[in-house]
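Listed below are the residues making up each chain.
There are 2 protein chains.
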Amino acid sequence: MTKQKPLILVTNDDGYQAKGIKALTNSLKGLGEIVVVAPDGPRSGMSSAITSLYPIRIHLLQEETDFKIYSCTGTPVDCIKLAVSEVLDRKPDLVVTGINHGSNASVAVLYSGTMGAAMEGCVFKIPSIGFSLLDHSMHADFSTSEKITRLLSEKVLAEGLPKGTCLNVNIPNTKDLKGIKICRQTSGNWTNEFQKSKDGSYKDVYWLTGEFANDEPNDENTDEHVLARDYVSVVPVKIDMTDHNYISTIKSWESLI
Amino acid sequence: MTKQKPLILVTNDDGYQAKGIKALTNSLKGLGEIVVVAPDGPRSGMSSAITSLYPIRIHLLQEETDFKIYSCTGTPVDCIKLAVSEVLDRKPDLVVTGINHGSNASVAVLYSGTMGAAMEGCVFKIPSIGFSLLDHSMHADFSTSEKITRLLSEKVLAEGLPKGTCLNVNIPNTKDLKGIKICRQTSGNWTNEFQKSKDGSYKDVYWLTGEFANDEPNDENTDEHVLARDYVSVVPVKIDMTDHNYISTIKSWESLI
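Keeping their order, the protein sequence lines are chains A and B. Counting with our numbering, you get residues 3 to 259 for the letters of the first sequence. Counting with our numbering, you get residues 3 to 259 for the letters of the second sequence.
Honestly, the hints are just simulated from the structure, not real lab data. Treat the hints with care, as some may be off.
The list treats identical chains as interchangeable, and a pair is accepted whether it falls inside one copy or across any two copies.
[To be verified] Cross-link-like lysine-lysine pairs, in silico, DSS-like; alpha carbons within 27 angstroms at most:
(1) Lys31 x Lys200
(2) Lys253 x Lys24
(3) Lys253 x Lys149
(4) Lys198 x Lys93
(5) Lys127 x Lys253
(6) Lys157 x Lys70
(7) Lys5 x Lys31
(8) Lys205 x Lys180
(9) Lys253 x Lys157
(10) Lys253 x Lys177
Can you build the whole structure from these sequences, using the hints too?
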């Protein structure tokens with residue numbers, strides 16, 4: 003009996019028609035059987051959102067040897083859940099998401115649909131990687147990114163990842179990458195986040211915008227810092243969000259009642 | 003000059019009209035100035051989603067001494083962002099979210115809008131707590147929960163929380179609480195997640211459902227385990243999702259390119 007080809011599940015949060023997901027699947031050619039289950043339109047900033055109040059639909063759009071594309075009316079996490087539970091006939095060997103149009107470094111990991119989907123792969127105990135390019139443009143140039151997505155996908159297919167840990171990979175928007183740095187999530191937040199404007203009835207509306215404020219500009223081992231120096235940032239991300247060290251500090255609260 | 007009263011920002015993911023958020027604000031009476039900025043309807047499962055493709059609207063619905071309610075068309079995280087950036091005239095001393103109608107223990111912390119909002123308070127370096135009752139019913143009885151939300155809100159107002167850490171508090175649905183346990187997030191995932199059905203045109207649709215599968219039923223220090231024994235679970239949650247221990251393991255990957 004011949005060994006089965008690796009099964010690779012792909013999604014994103016920019017929709018199946020985005021240039022970034024096409025670059026990602028292109029970079030994976032020959033690595034195994036590739037199944038895309040991706041949103042039917044933009045789902046940026048959807049985090050790990052799930053759809054419970056509405057039904058979800060999926061449509062098979064394209065079917066070739068070792069390559070299928072399904073569109074899905076749900077969120078990126080819905081796509082992973084539906085793929086694993088309903089679409090695929092076996093557990094994937096790898097989940098890859100992106101390539102996102104725009105950075106998911108620092109606390110963007112909390113808001114990102116691309117990373118939400120990678121974390122969901124991780125919840126299902128599948129080695130999972132989220133890829134993002136630091137260029138929001140629909141027409142961004144993903145040619146350099148494709149080398150990185152191929153390289154890291156091969157590495158993770160070969161070596162796996164620990165249970166409960168996935169990777170958040172951000173790629174600078176340059177042809178002249180300096181290398182790869184394994185680093186940690188930068189502490190920071192957005193400021194000036196809203197632009198106040200008027201709707202067609204001259205009523206106030208708010209549009210999300212803002213600028214990132216980095217709390218720790220001089221640390222060499224944060225994702226924002228290495229990206230600013232044209233390195234690819236690889237942050238291992240845990241889905242166990244417990245602050246284990248703090249448990250003992252507040253242990254005495256157990257006597258409050 | 004008299005000291006300013008503590009400013010407490012409140013939101014949820016069930017909407018400002020939910021019984022749970024009314025129980026929460028009721029329990030906080032007298033602790034300070036309370037401002038509710040909450041979704042105008044249900045936003046369950048919205049995680050840390052943000053709204054960038056659509057405008058967001060807010061409406062002042064109620065204004066009394068030390069108590070205001072605004073409704074917001076956005077997600078729970080949008081509510082926190084708008085409150086901090088546009089609504090409030092000073093930084094809140096405490097963010098509390100909930101009381102959610104239903105559990106946010108284990109990996110539900112990833113999907114929960116209630117916890118997304120608490121984490122967002124934490125991003126803004128405000129001590130933040132998400133509260134959930136293990137009862138999905140609209141008519142759930144929050145009378146026992148109110149004692150817990152009051153007690154823990156007072157404690158956190160007095161002692162603060164470390165930068166980058168918030169609390170995920172789940173409350174069993176019983177009048178006979180055994181106590182409080184400080185514990186960690188349970189490892190697990192949902193299974194049998196979809197119910198396949200037909201829409202009005204007899205086409206396939208999928209509805210999210212499922213059962214929680216606990217990976218570690220016998221551990222005494224997980225949230226699912228203490229909740230099953232009728233203890234309130236308090237999990238300290240970090241917004242830094244980095245798997246710090248794994249960084250050194252894959253340091254050698256830096257030589258891949």
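Evaluation of the provided hints:
1. In this assembly of identical chains, lysine 31 and lysine 200 lie within 27 angstroms of each other by CA distance neither inside one copy nor across copies; the values are 48 angstroms within and 36 angstroms between.
2. Taking the closest pair of Cα atoms, lysine 253 and lysine 24 never come within 27 angstroms of each other, the shortest separation being 50 angstroms inside a single copy and 29 angstroms across copies.
3. Taking the shortest Cα distances, lysine 253 and lysine 149 sit within 27 angstroms of each other only across copies (19 angstroms), while inside one copy they are farther apart (48 angstroms).
4. With identical chains, the CA atoms of lysine 198 and lysine 93 are at most 27 angstroms apart between copies only, with a shortest distance of 20 angstroms across copies and 47 angstroms within one.
5. When the C-alpha separation of lysine 127 and lysine 253 is checked against a cutoff of 27 angstroms, the pair qualifies only between copies, where the shortest distance is 22 angstroms, while the shortest distance within a copy is 31 angstroms.
6. For the homomeric pair lysine 157 and lysine 70, the shortest alpha-carbon distance inside one copy (23 angstroms) is at most 27 angstroms, but the shortest distance between copies (54 angstroms) is not.
7. Only within a single protomer do lysine 5 and lysine 31 lie at most 27 angstroms apart by alpha-carbon distance; the minimum there is 18 angstroms, versus 65 angstroms between protomers.
8. In this assembly of identical chains, lysine 205 and lysine 180 lie within 27 angstroms of each other by CA distance neither inside one copy nor across copies; the values are 49 angstroms within and 51 angstroms between.
9. Taking the closest pair of Cα atoms, lysine 253 and lysine 157 come within 27 angstroms of each other only across two copies (13 angstroms); inside a single copy the shortest separation is 41 angstroms, beyond that limit.
10. Proximity of lysine 253 and lysine 177 under a CA criterion of 27 angstroms is satisfied inter-copy only: 23 angstroms between copies versus 51 angstroms inside one chain copy.
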